[in-house]
Amino acid sequence: LDIAHPRFPFCTGTVSGDSALGAAYGTAKSGTGIAAMSVMRPELIMKSIIPVVMAGIIAIYGLVVAVLIANNTANDISLYKSFLHLGAGLSVGLSGLAAGFAIGIVGDAGVRGTAQQPRLFVGMILILIFAEVLGLYGLIVALILSTK
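Heads up, the sequence shown is in our numbering, so the first residue is 803 and it goes up one at a time.
Simulated from the structure, these hints should not be mistaken for lab results. Here a beta-carbon is modelled for each residue, glycine too, at the ideal position from N, C-alpha and C. Careful, some of the hints might be misleading.
[Said to hold, decoys possible] Ranges of calculated distance between the beta carbons of each label pair, as one might list FRET restraints:
hint, residue 1, residue 2, range
1, LYS849, ALA826, 16 to 26 angstroms
2, VAL841, PHE932, 20 to 30 angstroms
3, GLU845, LEU928, 17 to 27 angstroms
4, MET842, ASN873, 41 to 51 angstroms
5, TYR882, GLY858, 26 to 36 angstroms
6, TYR882, ALA911, 36 to 46 angstroms
7, VAL935, ALA838, 24 to 34 angstroms
8, GLN918, VAL855, 18 to 28 angstroms
9, GLU845, VAL924, 14 to 24 angstroms
10, ASN874, TYR939, 15 to 25 angstroms
Given the sequences, and given the hints that come with them, work out the whole structure.
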């Protein structure tokens, strides 16, 4: 880390921070639904853990891009490359935050609904996949930006 390049810590902080916030929210919100559902139907706990796992994957996206940005810096980094790193960090960070929020809300409502009507499980999984893809799109854009 070079003092002459103050943009570097902001990029990696944005990547890991926002992705982790999204993953934490998704985990907490889905976990609340699982805890409420497990009182009525304890046999569905392991089946209902899928939203928590999917929310955790969002943080891994941020970690991957943060490592790429950290390994891709040098003392003679240009302003253009710094802004590409910033864009990559914002891309994966904000999309991870949005995906985590979506996974948390869908996971909470889906788990509670599945406890009452088991046929809702497949629909919940499909919606969770679409919410996870939001984070994956941000990862793809970040990979393109960070490798330029």
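Are any of the numbered hints broken by this structure? If so, which, sorted upward? none
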